[in-house]
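The numbering of the sequence shown is our numbering, which starts it at 973 and goes up by one.
Incorrect hints may appear among the rest.
To be verified - Listed next, with one range per pair, are the computed distances between beta-carbon atoms:
(1) Lys1096 <-> Ala996: 45 to 53 Å
(2) Arg1007 <-> Ala1173: 50 to 58 Å
(3) Met989 <-> Glu1087: 28 to 36 Å
(4) Tyr1029 <-> Asp1109: 41 to 49 Å
Because the hints were derived from the structure by calculation, they are not lab data. Keep in mind the model is a prediction, meaning the values are calculated, not measured. A virtual CB, placed ideally from N, CA and C, is assigned to each residue, including glycine.
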Amino acid sequence: MARSDRLFRLLQAMRQMPAPITAARLASETGVSLRSLYRDIDSLRAAGARIEGERGYGYRLIEDYALPPQTFDRAEIEAIALGLAEVRHMGDPSLEKAAVSAIAKIAATLPDEREQYLFHAVSKVYRPEMRYEATVDVDVIRQACWTEEALGIRYVDEGQSVTERTILPLALAYTDRTLTVMAWCCLREAFRMFRVDRISAVRTVGTSFRPRRALLLRQFVGELEARDALDLDEDTHRTAPPMRAVGRRNQRPGP
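Throw the hints in and build the complete structure from the sequences for me.
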């Protein structure tokens, strides 16, 4: 195998495999001896790749020299910085960590003269308090959305009534005031929006609803859009007050 092909395979393996990756596993993946692997890692480092680790511990690719420099203009960089700053102030620890990581990766691929636009953006986000509060691990809900797993939740409604429910989580919705879970409620047999700050317990129940998430989410969004259109029409024509009341009631998170 040509040396360039071997180095490319090594980079691909380090991008795709969970770190830290042992030298033995990398050697097996790329089909070379340990001695050749160590030489290849030194070659990648010399070429500009930042690789953490050492023999006996394992290796981690920190910065990939093969990624091309990004050509964002000043306004695009400003938008990225503002968006990531907004995410960092949401009060979601996992997204805050991801935003910090993302901005570091973007900075690493920007030309030096443009990197300052990222860290010294004119637009700023100032929020003295966290926007969202949660008494449960939001990551459990987020992961269940991705893997399409049903959740069991304990939910407290506006009247302080407590119910145990099984839901099919579809998405997390960040609004100006609350963080909600868009879901199919198996108890009510209907789409519902559950406020995360009213969920006192959450757990996976071992039931998959794959591959229905995308379809269910489209149906839910379609219902919400239809309700919004109905409310707009009623506001314009001042008619059908009973239907207007139903629209408001159905948009309320929870039961």
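**Request:** Using the Cβ atoms, figure out if Met989 sits within 28 to 36 Å of Glu1087.
**Result:** holds (29 Å)
**Verdict for Arg1007, Ala1173 (Cβ pair) under range 50 to 58 Å** = holds (54 Å)
**Asked** Is it true that Lys1096 and Ala996 lie within 45 to 53 Å of each other by Cβ?
**Response** holds (48 Å)
**Prompt:** Is the hinted range of 41 to 49 Å satisfied by the C-beta distance from Tyr1029 to Asp1109?
**Reply:** violated (30 Å)
In this structure, the one hint that does not hold is number 4.
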